[in-house]
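A.B. asks: Heads up: the sequence lines are chains A and B, in that order.
So for the first sequence, my numbering puts the first residue at 1; every next one is plus one.
So for the second sequence, my numbering puts the first residue at 1; every next one is plus one.
For the record, the hints were derived by calculation from the structure and aren't laboratory data.
Backbone N, C-alpha and C fix where the C-beta goes; we use that ideal spot for every residue, glycine too.
Keep in mind that a hint or two might mislead.
What the hints assert, rightly or not - Which stretches of chain B does chain A cover? Using the computed rule of at least three CB atoms under 8 Å from a CB of chain A, they are:
#, stretch
1, 109 to 119
2, 143 to 157
3, 276 to 287
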Amino acid sequence: MPTDLAVRVRDVSKRFRIYHRRNLTLKQALLQRRRGVYEEFLALQNVSFDVRQGGAVGIIGENGSGKSTLLKCIARILRPDSGRIETHGRVSALLELGAGFHPEYTGRENIYLNGALIGLPRRYIDSVMGEIIAFSELDRFIDNPVRTYSSGMYARLGFSIAVHLDPDVLIVDEVLAVGDEAFQKRCYDRIARLRAEGRTLVMVSHALEPIREFCSDCIWLDHGHVREQGPATTVVADYLAEVNARESARMASEVEHLHQMVPSGRGGVGVTRVRFEGAEGPTHVFQTGDPFEMVIEYHAPGPLTGARFAVDLQREDGVVVLSTATDDDLAASTLPPTGEVSLCIPNLPLLEGLFRAGVIISDTRTGQPYTVLGGAFPFRVRTHRSRDGGIALLGHYWRLPAALRPLPQDHNLGTSPSHRKR
Amino acid sequence: MKAHPHLSLFRPSQPRSLALPHNSWALNRERLRQLVRRELTARYRGSVIGVAWSLLNPVVYMIVYTVVFSKFMRFSIPGTSYPVYLLSGLLAWNFLTQSIGASVNSILGNSALVKKVAFPWIMLTVATVVAAFINYAISLVLLAPLLIFFHVPVSPALALLPLVTAVLFILVLGLSLGLAAANVYFRDIEYLTMIVIQVWFYITPVIYQLDQILAASHNSILFAIFRWVLYINPMTWIVTAFQDVIAFHRWPAHWPGLAYAAGMGALVLVAGTLLFQRLSHRFAEEL
Chain A
1 MPTDLAVRVR DVSKRFRIYH RRNLTLKQAL LQRRRGVYEE FLALQNVSFD VRQGGAVGII
61 GENGSGKSTL LKCIARILRP DSGRIETHGR VSALLELGAG FHPEYTGREN IYLNGALIGL
121 PRRYIDSVMG EIIAFSELDR FIDNPVRTYS SGMYARLGFS IAVHLDPDVL IVDEVLAVGD
181 EAFQKRCYDR IARLRAEGRT LVMVSHALEP IREFCSDCIW LDHGHVREQG PATTVVADYL
241 AEVNARESAR MASEVEHLHQ MVPSGRGGVG VTRVRFEGAE GPTHVFQTGD PFEMVIEYHA
301 PGPLTGARFA VDLQREDGVV VLSTATDDDL AASTLPPTGE VSLCIPNLPL LEGLFRAGVI
361 ISDTRTGQPY TVLGGAFPFR VRTHRSRDGG IALLGHYWRL PAALRPLPQD HNLGTSPSHR
421 KR
Chain B
1 MKAHPHLSLF RPSQPRSLAL PHNSWALNRE RLRQLVRREL TARYRGSVIG VAWSLLNPVV
61 YMIVYTVVFS KFMRFSIPGT SYPVYLLSGL LAWNFLTQSI GASVNSILGN SALVKKVAFP
121 WIMLTVATVV AAFINYAISL VLLAPLLIFF HVPVSPALAL LPLVTAVLFI LVLGLSLGLA
181 AANVYFRDIE YLTMIVIQVW FYITPVIYQL DQILAASHNS ILFAIFRWVL YINPMTWIVT
241 AFQDVIAFHR WPAHWPGLAY AAGMGALVLV AGTLLFQRLS HRFAEEL
């Protein structure tokens, strides 16, 4: 292996057995002369990649794409069926925080136990005990049994021990996803420092933000294959595009299915179809700040007078973010028997989430609805800036002490995704 | 949340060789130490009498067996007192039972650890055996008052106790490793083991005496089979050696038997270790 590499993975394949009927007892196995009926499942297929010393590689992919299997192979918890994995230097895998904690042990005793298991020598633990306890912020509880700890305290203690590992290669699974915001931020700070020291990092994360931030390179696993590898920003962007496209297609087919099911409304007035238009044509996935257009194609037996179109946008959790309708001017005019009515939002202020749109066409003269399609049309909004949370991005800016240069104003929607600097 | 700017993650200011010796032997020794400690604590913490638990078990058995066999059934062992004879065999036997009983589940019961942390998992099983061994060592102190009470002299043969114990340890470790690994694949091995151990107890001369069986005059087929089983059972020779050096204060009378037991022990240890290593490749996916 070239000396500038920290990890070299060559043609690694791993099969799992999916048991249909598993003989977990000797009795069954002897009676049936085999250990069960199983199907082989290729979790990894000819995966190859290199990680430079001091490099950082992120592994992304959908659930079941083989990310964790790959990490476990590198950590030597699993053994590949074929192919080779070479590592250079000390490898530490952080797949779970607080592994092996004994509930009856105090926090302090568990530091020694867990530390020994993950590979910290006792003398070293003695020398950093104060730091571990300080980092965990559990000073008052450190001599209580960990069974009395909350899950957050448990994770904090586990992480505080793990950050004192001194690996040449650190392998991190989704473990950092635990804990509150502040704890996560400190975890990421530690990883940033590790990177700065030139240690090698291999990480799996569901959140793409940390991958973009910490990793120079990225591997996209798809059903056990390497789908794409290269610079993290490119691979993440391609991955996201595919995820969005797939979700958009799924939503489109859901809507298509719906259109076929929906009968014509009362009096023959109804919705033919509803589609969403983004900056680049029909889609179901929008970025915060994108132009948003919801096009309602309607049909009526003849010229339509006195109609009111109403739309409500609801977030997945039931929060109505917008409920609006056409005005009386439209009701007073006559619409052609078929046509399109669109709801346009120039810079969509909604923040990350899954939303559903509902449509009602009603007759203003009788007050009776022609057709009601409540919450029928799904769309997704993605937000790149992780410091923005909530339902919608309200226009705002920060006023700062006069001595400072004003920050770029944040109320401009539609800015390019900016990265969070820590 | 408080910040700790004075903390540095990987302490680059320290020479790394000083900070973290990357010596896997030392690391594994520390792992073993911690796991043994966990094993012992699991048993004692939260119990009022603590370590006394490990003494209670052999004492209770000794009293029960003494009452049943010596008082009711009028067993007697010429040349020593029955309680002393019984205890010297029971201590050895208890180590085997406790060690295997705990070890058989040592991988399955730690599945969370095996699936998430890469370290030599064999430590988990070795730790349960060592923990049982420490219990055994503690229970040896029971002998002192008993020997004094029954006026059993201490002979130089007692110096052989470590050697005999070593033979026992090797056999038990080998069995524990093999069973712990196999139990991951076949989960009824744990229950099967318990049954086998119960039967095994009665084909090992703990409550009766080997020499009496060998000297007995009846010649039924069943008895011939029983003798044959006693011969091939390595525990026969180990327990007999315990009784010789402790209760009979003499050198082991069956040297070839003890040598055979040592050979079997070595064989079992090699086989158990190989089986463990082989099966351990798939532990993380079978658990």
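A.B. asks: Each hint needs a verdict: does it hold in this structure or not?
C.D. replies: For each hint, the structure was consulted:
1. 109 to 119: This one holds; 9 residues, not fewer than the three required, reach chain A with a Cβ under 8 Å.
2. 143 to 157: With 0 residues in contact (Cβ-Cβ under 8 Å with chain A), the coverage given for the stretch 143 to 157 of chain B is violated.
3. 276 to 287: holds (count 4)
Consistency note: the structure conflicts with earlier hint 2 alone.
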